[in-house]
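Everything in the sequence shown is counted per the numbering used here, starting at 642 for the first residue and increasing by one.
To be clear, the hints were calculated from the coordinates, so they are not data collected in a lab. Misleading hints may appear alongside valid ones.
[Said to hold, decoys possible] Subject to a maximum C-alpha distance of 25 Å in a straight line, what follows is the list of computed SDA-like cross-link-like pairs (lysine to any residue): (1) Lys1321 with Gln1232; (2) Lys1249 with Lys1225; (3) Lys1197 with Gly1158; (4) Lys792 with Asn805; (5) Lys802 with Lys1197; (6) Lys831 with Thr731; (7) Lys1312 with Ser1260; (8) Lys1193 with Val1006; (9) Lys1049 with Val911; (10) Lys1245 with Leu1215; (11) Lys802 with Ala1018; (12) Lys792 with Val1006; (13) Lys1025 with Ala1135; (14) Lys1025 with Lys1197; (15) Lys1197 with Thr1264; (16) Lys1225 with Thr1264; (17) Lys1118 with Thr1313; (18) Lys1166 with Gln1232; (19) Lys1197 with Ile1015; (20) Lys1166 with Lys1225; (21) Lys793 with Glu733; (22) Lys1249 with Ser1224; (23) Lys981 with Phe894; (24) Lys1156 with Thr1041; (25) Lys1262 with Lys1197; (26) Lys1118 with Ala1257; (27) Lys1013 with Ala1214; (28) Lys818 with Gly779; (29) Lys1312 with Gly1184; (30) Lys1120 with Thr1242; (31) Lys1193 with Met1024; (32) Lys1120 with Leu1215; (33) Lys836 with Thr1072; (34) Lys1049 with Asp883; (35) Lys818 with Glu776; (36) Lys802 with Glu1014; (37) Lys1249 with Thr1185; (38) Lys836 with Gly790; (39) Lys1309 with Thr1280.
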Amino acid sequence: MKIKLRLLSLLLVAILLLPMLPIGSVAAADAQTSYTKNKVVSVLFDNSGSMNDPDHRWDYARYALQTLMATLGENDTLIITPMNDEYGYTVEDYDSDFVVVDLKAPDREAEIDRVLDVNFLPSSASSLSGGTPPESIGIAVDQLVKRYGMKKTTEISADEKSENEYFLVVLTDGAFKGCSTADDTALYFKDDLSKYAFFQSIYISFTADAVDLSTAAALKDKANFTSYNAASSNAIGSVMRDVANRITGRYVFENASVSGNTVRIPLDNVGFGLRSVTVMATNTNARFDSATYNGTPIAASHDAHFASAAPGLMQDGFTTVLSRGGNTAFTGGEIVLTLKQAPGAGAAISVLLEPALVLEPVIEVEDAGGRKEIDSAYINSQMKTGDSVYIGYRIVEQGTGNVVDPAKLGGVSSARVTYDGDTYAPGAEITLVEGKREIAVSVNMLGDKYSLYASLPCVVLNDPTSFRVEYSEIDVKDKTTFETTFTVYDNNVAVTAGELNDFDVTVLLMNEDGKSGTPMSAVRKNSDGTFTVTLDTAGKEYGTYTVRAQIKDKDKNLRTVDVPIGYYPEGLALVNLGTDTLSKTLYGILQNTDGFRFALTAGKDAEKVDLPFENALLSYKLTVGGVDVTEHAEISGNTLTFVPTPEALGELAGKTGDYDVVLTVTFKGLKTETVECKNKLTLTPTVFEVVPLTPTGAVDRFALKKNANTISFKVLRDGVALPLEELQAAVGG
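Whenever a hint applies, use it, and build me the whole structure from the sequences.
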């Protein structure tokens, strides 16, 4: 018997739709996202008297909670706190009344049973009492701060990197005490959204009695707040699934199939790598048995069974998470999952994919040539109140670095940017304000069923350049040893040796990716308050090395300066790879594809190496007849190509004559060297010729009226016959 895979609604037949809870999300290179971050999830769980209702809302909520416990990863943190005014109004009041789920426990099923035995999660709702205090929201947030290290935005630095991403999930079935409207309730969430860094808040209301915050003006469209509403008790499962998908960065896969006790998951058409694949089964006594990937057995990362406390409503279930370990992704092929028995007709089975994708916020500013991309450190060091930035995003596949078209995920259904409490469309102009803030970007795809989120610090000073670091010229000690000295300025004054101790100084030798580096130990503090860094390139390959000095003041403002050091042999050389002379007519230049090619090298004989034109220590200028045409040159490695076209020649395009084509290159390596290569471009007038064609017979000049012969001509341009269309246009048709 075949069971239709429930992919989007996942209803427990006529009764329960259970949550689909993935275990990972995405992370950007420079932003804080949930992909490689550990999730710290605090669930504020309503156990007030209203949960004791004949519609079994307590049973549904506890079952959904089990599903969450079964699905999160072992590096995540899950805290469950009761929401009840009988417990008190401070973090300390809840010292013995919250439970931390041990997600590293070798027996996840036993851990779930332990958690369900705590006194505020009784199997029967008959003992529940008390009201729902809105102050509990602040209590749960304080718990994340005091016990789990969540920071306020006022405490972060411009390069802040958090290993964790924090989530507050509030689940309630009724109104909060003292809050008569959704806007009243929203105020208890609003301040925390901009107050804390790397933090998202999620609100789940279920049953018609609960307050729906989806339209609350204070929270509407905030990138780090999401509201979900389930109209009835038995719908809490589907809502919890969406919540978990948002937290862990997964989506429901529509192309899996179930036949008997076999689940087949074809991945060839997914279009990107997958960090994990999860199979969730609810309302079934089936269990996971084994799995293969492309025919090779693969063990489950973790597999957990959860039991139903209300068999009359629902059966048991299980969650199985598959991954390849480390940073290895599933790429194409097929996963086959075998169960110990067929799921049964009432089962709901879902397959969830966790894409290995990164959401990267893109920050741009206006520049002379248009817009240029910057990072958050640039904002901190260069920009001030009133300056403008434009925030967009790109989705990148982790590992390959390939930019992924959102169309592969059904297109973008909604996207928003949040800064300083306001919401913007991606790409909109944002005016910076002084102080420490956070820029958050949220992108929803697959009809809002798949979400990516990223945030980054935005620290703006009113006079950013008053705190800065500068470096002196590079001192070449010998052919492999280089030194440079740095000076730190605070309030535009160079700091003393004693004051330098108040700053956090880090010096890195950067890797080729430009984003990571190795700490350098050859750093010497000087008596005048400067510090000197020595780079020894002995044994290293020729190339340009970047020394990065990072300075933080007591307020954690960051200043960074990169020093490029060129380690190449002496002897700069520039040679022609093709012709050194080129002659074209004014017409011939219109569609010209011929040009000049130059190659740049350093060193001689056995030491000779290519020297790339794209080099921080290298400058070059290309002129034709004294006119600068550098912007029209094409660079590829150590070669430069220039093709004379009307656009490239500019004011010379309609002139004739002989012109020097001169390329000048200056490189600051072991010493400053300059080389020049001179070629010749000749532009000549376009020549038109009219050539008569010999007639087929003699013509009697006294009998012209009776003559049947014709005289034909052809028109040549630069020796080539004019095309018919041009000739007809020239003679009027």
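Hints, one by one, checked against the model:
| no. | hint | in the structure |
| --- | --- | --- |
| 1 | Lys1321 with Gln1232 | holds (19 Å) |
| 2 | Lys1249 with Lys1225 | violated (35 Å) |
| 3 | Lys1197 with Gly1158 | holds (20 Å) |
| 4 | Lys792 with Asn805 | holds (11 Å) |
| 5 | Lys802 with Lys1197 | holds (13 Å) |
| 6 | Lys831 with Thr731 | holds (19 Å) |
| 7 | Lys1312 with Ser1260 | holds (14 Å) |
| 8 | Lys1193 with Val1006 | holds (24 Å) |
| 9 | Lys1049 with Val911 | holds (8 Å) |
| 10 | Lys1245 with Leu1215 | holds (12 Å) |
| 11 | Lys802 with Ala1018 | holds (12 Å) |
| 12 | Lys792 with Val1006 | violated (28 Å) |
| 13 | Lys1025 with Ala1135 | holds (21 Å) |
| 14 | Lys1025 with Lys1197 | holds (17 Å) |
| 15 | Lys1197 with Thr1264 | violated (47 Å) |
| 16 | Lys1225 with Thr1264 | holds (18 Å) |
| 17 | Lys1118 with Thr1313 | holds (14 Å) |
| 18 | Lys1166 with Gln1232 | violated (60 Å) |
| 19 | Lys1197 with Ile1015 | holds (20 Å) |
| 20 | Lys1166 with Lys1225 | violated (61 Å) |
| 21 | Lys793 with Glu733 | holds (20 Å) |
| 22 | Lys1249 with Ser1224 | violated (33 Å) |
| 23 | Lys981 with Phe894 | holds (22 Å) |
| 24 | Lys1156 with Thr1041 | holds (16 Å) |
| 25 | Lys1262 with Lys1197 | violated (41 Å) |
| 26 | Lys1118 with Ala1257 | holds (20 Å) |
| 27 | Lys1013 with Ala1214 | violated (33 Å) |
| 28 | Lys818 with Gly779 | holds (14 Å) |
| 29 | Lys1312 with Gly1184 | holds (15 Å) |
| 30 | Lys1120 with Thr1242 | holds (17 Å) |
| 31 | Lys1193 with Met1024 | holds (17 Å) |
| 32 | Lys1120 with Leu1215 | holds (22 Å) |
| 33 | Lys836 with Thr1072 | holds (19 Å) |
| 34 | Lys1049 with Asp883 | holds (20 Å) |
| 35 | Lys818 with Glu776 | holds (9 Å) |
| 36 | Lys802 with Glu1014 | holds (20 Å) |
| 37 | Lys1249 with Thr1185 | holds (15 Å) |
| 38 | Lys836 with Gly790 | holds (14 Å) |
| 39 | Lys1309 with Thr1280 | holds (18 Å) |
The earlier numbered hints that this structure contradicts are 2, 12, 15, 18, 20, 22, 25 and 27.
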